[in-house]
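Engineer: Use these hints to put chain E onto chain Y, whose structure you have.
Those sequence lines, one after another, are chains Y and E.
Note that my numbering numbers the first sequence so that position 576 is 576, with each residue one more than the last.
Going from the second sequence to my numbering is simple: count from 1 and add 929.
Quick caveat, the hints were computed from the structure, so don't treat them as lab data.
Any given hint could turn out to be false.
Calculated cross-link-like contacts (lysine to aspartate or glutamate; reagent style EDC-like; alpha-carbon spacing at most 20 Å) [what the hints assert, rightly or not]: (1) LYS159(Y) <-> GLU1116(E); (2) LYS704(Y) <-> ASP714(Y); (3) LYS50(Y) <-> GLU1116(E).
Taking CB as the label site, the calculated pair distances span [as the list claims (entries may be wrong)]: (4) HIS1084(E) <-> LYS47(Y): 30 to 36 Å; (5) SER584(Y) <-> ASP1087(E): 45 to 51 Å; (6) GLY156(Y) <-> GLN997(E): 29 to 35 Å; (7) THR883(Y) <-> SER1009(E): 29 to 35 Å; (8) ASP1087(E) <-> ILE761(Y): 57 to 63 Å; (9) GLU499(Y) <-> GLN1122(E): 35 to 41 Å; (10) LYS702(Y) <-> GLY978(E): 53 to 59 Å; (11) SER1009(E) <-> GLU166(Y): 19 to 25 Å; (12) LYS47(Y) <-> GLY978(E): 37 to 43 Å; (13) LYS178(Y) <-> GLN997(E): 41 to 47 Å; (14) GLY126(Y) <-> GLN1122(E): 53 to 59 Å; (15) ASP1087(E) <-> THR602(Y): 52 to 58 Å.
Far from chain Y, some chain E residues (derived; all Cβ distances over 10 Å) [claimed, not checked]: (16) ILE1005; (17) THR1121; (18) ARG1125.
These numbers were taken from a predicted model, which means no experiment stands behind them.
Note that CB positions come from ideal geometry on N, CA and C, so glycine has one too.
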Amino acid sequence: MRKQTPSRRRFLKLGLAGSAALAAVGWDRAAEAADGEPLPQGIDLEKWKKLKADPYAEGSAPMPGVCQLPGPLAKRNWPDRSKYEGAEKVPGMCQLCSTVCGIVGYVKEDRLLKIEGNPNDPNSRGHLCARGHAGLNHQYHPERLLYPLRRVGKRGEGKWKRISWEEALDEIAESLKKVRQSGHPEEFAFHQGRQRSKDAIKRFLDAFGTSTQLSHRSLCSGNRRAANLTMLWESDWDLNDVEHSRYILNFGSNAFEAHQGHVSFATRIQNGRFNNGAKLVTFDVRLSNTAGSSDEWFAPFPGTDGAIALAMGQAIFAAGLEDRDFIDQWTTVSADELKAHLQVYTPEWAEKVSGVPAGDIRRIALEFARAAPACTTMCNRGSSAHLNGFYNDRAIQLLNAIVGSVGKKGGWCWSPWGGVDPNMKTPPMPPSAKTWSVLEDPPEYPLANVWRRMRVGEIIYLYLLQDRAKLQVYMTYNLDSPLTWPEESLTRDVLTDEEKIGLHVCINCFYNETAHFADIVLPWTTYLERWDLDARGSYNLRPYVGLRTPMVEPLGEARDIRDFFPELAHKIGGGMEQWYAYGSTEDYLREWAQNVPVNPQTGKSGLDRLLEEGVWEDTNRSPFYEPYNIAVEPAEMVDARVDPQTQIISRSGRGIGIMTPSGPKRGFATPSRKLEIRSLFVERIGNNEDCTSEIARAGSKKTKNRPAVHAGHDVKIDPMPIWFQLDEHQDLAEDELIMTSFKWNVHNHGRTMNLKWLAEIVHSNPAWLNPQTAKRLGLQNGDWIEITSYQSEYLAEQSPHLAHRGPVSPEGRREVSRMRVPIVIMEGIHPRAIAMSNSCGHTQYTNVARAEKRPSPADILAGSDPQAYRDADWERNMWWEDTTGENPLTWQRNTGRGWNQNRLMPISPDPVTGQQAYHDTVVSIARIG
Amino acid sequence: MTRSYRLLASVEWKYKSMQLDLESTDDQRTATVGMYRLLATLWCSEVSGALLVELQSGNCGATFAEHQFFAPGEAIYASSLAADYCQLFVGPRDHVPPYQSVWEEGQLAGRAAASMRRYGELLERPLLQREIEADHLGRQLAMMGEIVAGMATVHSEDESYAAYDGLGREFFAAHLRWPAPLLARAEQQAQTQFYRALSRCTADFLETEAAFWS
Chain Y
1 MRKQTPSRRR FLKLGLAGSA ALAAVGWDRA AEAADGEPLP QGIDLEKWKK LKADPYAEGS
61 APMPGVCQLP GPLAKRNWPD RSKYEGAEKV PGMCQLCSTV CGIVGYVKED RLLKIEGNPN
121 DPNSRGHLCA RGHAGLNHQY HPERLLYPLR RVGKRGEGKW KRISWEEALD EIAESLKKVR
181 QSGHPEEFAF HQGRQRSKDA IKRFLDAFGT STQLSHRSLC SGNRRAANLT MLWESDWDLN
241 DVEHSRYILN FGSNAFEAHQ GHVSFATRIQ NGRFNNGAKL VTFDVRLSNT AGSSDEWFAP
301 FPGTDGAIAL AMGQAIFAAG LEDRDFIDQW TTVSADELKA HLQVYTPEWA EKVSGVPAGD
361 IRRIALEFAR AAPACTTMCN RGSSAHLNGF YNDRAIQLLN AIVGSVGKKG GWCWSPWGGV
421 DPNMKTPPMP PSAKTWSVLE DPPEYPLANV WRRMRVGEII YLYLLQDRAK LQVYMTYNLD
481 SPLTWPEESL TRDVLTDEEK IGLHVCINCF YNETAHFADI VLPWTTYLER WDLDARGSYN
541 LRPYVGLRTP MVEPLGEARD IRDFFPELAH KIGGGMEQWY AYGSTEDYLR EWAQNVPVNP
601 QTGKSGLDRL LEEGVWEDTN RSPFYEPYNI AVEPAEMVDA RVDPQTQIIS RSGRGIGIMT
661 PSGPKRGFAT PSRKLEIRSL FVERIGNNED CTSEIARAGS KKTKNRPAVH AGHDVKIDPM
721 PIWFQLDEHQ DLAEDELIMT SFKWNVHNHG RTMNLKWLAE IVHSNPAWLN PQTAKRLGLQ
781 NGDWIEITSY QSEYLAEQSP HLAHRGPVSP EGRREVSRMR VPIVIMEGIH PRAIAMSNSC
841 GHTQYTNVAR AEKRPSPADI LAGSDPQAYR DADWERNMWW EDTTGENPLT WQRNTGRGWN
901 QNRLMPISPD PVTGQQAYHD TVVSIARIG
Chain E
930 MTRSYRLLAS VEWKYKSMQL DLESTDDQRT ATVGMYRLLA TLWCSEVSGA LLVELQSGNC
990 GATFAEHQFF APGEAIYASS LAADYCQLFV GPRDHVPPYQ SVWEEGQLAG RAAASMRRYG
1050 ELLERPLLQR EIEADHLGRQ LAMMGEIVAG MATVHSEDES YAAYDGLGRE FFAAHLRWPA
1110 PLLARAEQQA QTQFYRALSR CTADFLETEA AFWS
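The following block holds chain Y by itself, in its conformation from the complex (with noise of 0.2 Å):
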């Protein structure tokens, strides 16, 4: 019998009470059957005698499927050699960078055990770097957000209730409903972060009617991508084939820990060091792991990359080690020109700029030219990043023209495949969005959007402050703007602003800075639960295609855009609905991935193969060696016209090769059809001028003339490779430094933070500074300085309409912000340089991330038996809490969540790109205390 206690009777009294009420307001009545059939019982205890064998013991040995947590209990369950008997290997695709690395999912009992490198993947090949292993952080990170939120309080408050996955559906089809019927389709604007769902939300926005589609890539690659463009138009993204390579020049690059190759590139620098004996020379401001790693490491001056560059090619012109044949056959420059254009940049000039000894600037570049063809550059954000940053890239490209490795094996490589195998043909899209925001495309910015849509995203904000547009819907996606954008109090400030951005629609799967700042949240699946055909510009210069598949069942009510926007589709209606006729997620991917050839041995094709396999890569294709070589086949040629002066092969009006002593080829699928080292294009775009033959001799049906918009707004772009250095870096006071930043191995920029493998190793960012430096300014390990940092003076001659805010200083320079840091002294940073890395600084995303470690009661142990459950880690765990409140006479270092440093970046867009500068900034520096 039930043994009765004093406080039993009221608990019956409340239980009756409160069932009553249930009963009256309806309860369960949902759950019987509509249609009046009897609904089974309630236990079915035969089928417990079956189970009664023991489901879950309490304390005993871990049931298979649970990550055991590290922590000093954690080798008692370790080797576990049965835990993964009988678990299904479920292929996918990463995505906690941007690299996309094929994975292997180890699922038992409906939870993912473990995560591992998928070996079908041609471009990753089995590796996984450790973001990509801390995907089971994220996906059972118990601060997921689980259900959709309506904001209660003002915005940015941080008052949230629950809602329904229809209610938040309803509210924000009316809201869009509204700006449809408003005739400003233009004013619903959807901002992404790192995306791989691109046929989804271009159909979702196509269908819609706007163009407004807002992206990051010019905060990342924007100069590098315009440079490429520049020389070849059909790719934005060079592969180096570093495999083959003998010599690999590294501007600036940390393919090693970070780099939208990474994993496939740095794996391949490695084989071809290796395997080949190929020498690794690195420039960098910093030592990065890759410059660690590098045989040679210099450390120029901040932006100098395109000086050295041009030097190396001055100095191989000079002992008569270009390739004369190349160069006069496939560049739109003669040698000699190109000679005489080089005469003024000596290794003697660039050494006074960038401090690296002239010697060993010749020295390196003649190694590099005897290598040839087999040398490549490499390059990235270090040398792109710059408000000099396209033509430092288009200098560092010149050198591979100059030394004939130009799309040559163990050269410099790319692939006009960027993404997934374009034989795969996803359902009918709808016609592209014909709208135009200043948003999306700034007319200040010539090459943003010419050859494809990199835009301009740092200017967004700023743009909406000084009312140059306004936002009915703004739905973010995957974005953490206030944390990756330059200026944080601006970026807070707009997205607080009701005014300026009406419904904010957050999908996220973690509450972060800009969720903070949104109306609706909805909570997205993991990348380990949702569907895609995903690939990356592959460095086996071919095609390939991966599946990333839900490999465990979404938790709680998260939904990918796949599920939910169809049925907000519905809701808007219009039209809209037509393009969501394919029935189910798994349909619209069986029908996109049937291209997928049969696999003799297996059988299976499409979907079904890459169920299986999670990879396809088109092998019977031949890498894109050499494509300007490539014949024009004789059924081509009928009815082609060939241009007696330029020798360009047309038929139809547009370009499809030149005429060669050797007859006719594919040539580069640029205006001239050979690379384009002088660009008369860029020059006339920069003019607003009508470049319409241009466009058509290359034969491109993406580059598009500058719209009218843009009438007003011309900018001098040099047609040539040249080096230009900021005024403002010449002549730094003493107390000014140029700033820099980087990411670590175990992070990306904003995403990873909360993932507690990676954060326990990399939690703080202090501020890097050289013992010369530190010395001069009387600074020693641990001190804290006071870091202000100023808006360019170049860019306020140049941009203007960019000036908005800030203090003046007695100099006359418009200051950005303050932020008070701790400082590490280290030989690995040039003097004049200051180095942050970029992951930090939480005020959202998780109390990992913000490394809040919530003090638990002295009586409460995690868990009902305290001895069972020690191993539940966090709050024991972490160990690296700061609980001096940042107090730089108390502060214990590597403690802390350290610091976003884009408090201070300014928003710095290259005038002719709209490539965010984040390498340029000047600061000043003071010690505190």
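Structural biologist: This is chain E only, laid out in the frame that chain Y set:
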């Protein structure tokens, strides 16, 4: 009509007509089922406006006021309770996740969830309407309610009674002994009297139940 629903219908009638005999074992079981269902409902979702009206009405209101869910006659709003529920149990930040796995393993969907899914297979209809993680406290309370409801329909001499008793002991030990720290933190963090009372009542009720099921 399900067993527990039939039981509740009888409870409603008995309660309204004041014919419930709390000394009777049957009625005690019935009331216990009611308590589990009440707590499960309040844990799984926000209080609707209609339910709030009922909870504050007549005898029911007096009983709830006695348990300090609100003061007699106090005007409280479903919207305020929804915001408090959200900050306590949904998030988005600094909340108290009501999932057993989180408290035991520091992550969602751990061993407890897998175990709950297996217990869930004993039921041939969904426990709840909303997509709630298997090891959510509300779901566990609802499951226990189903077990007690099953027990209430058989005689103590019946073979099935022993089976229910065994199942109840096992289930309670596995899935209803863990929440003490959650409930203490929730009581501390609640911004409304209602959720302070809910946390306290749940803790006290589970304590009395633990004595029975041990």
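Engineer: Output the indices of the hints that this structure fails to meet, ascending.
Structural biologist: Of the numbered hints, 3, 4 do not hold.
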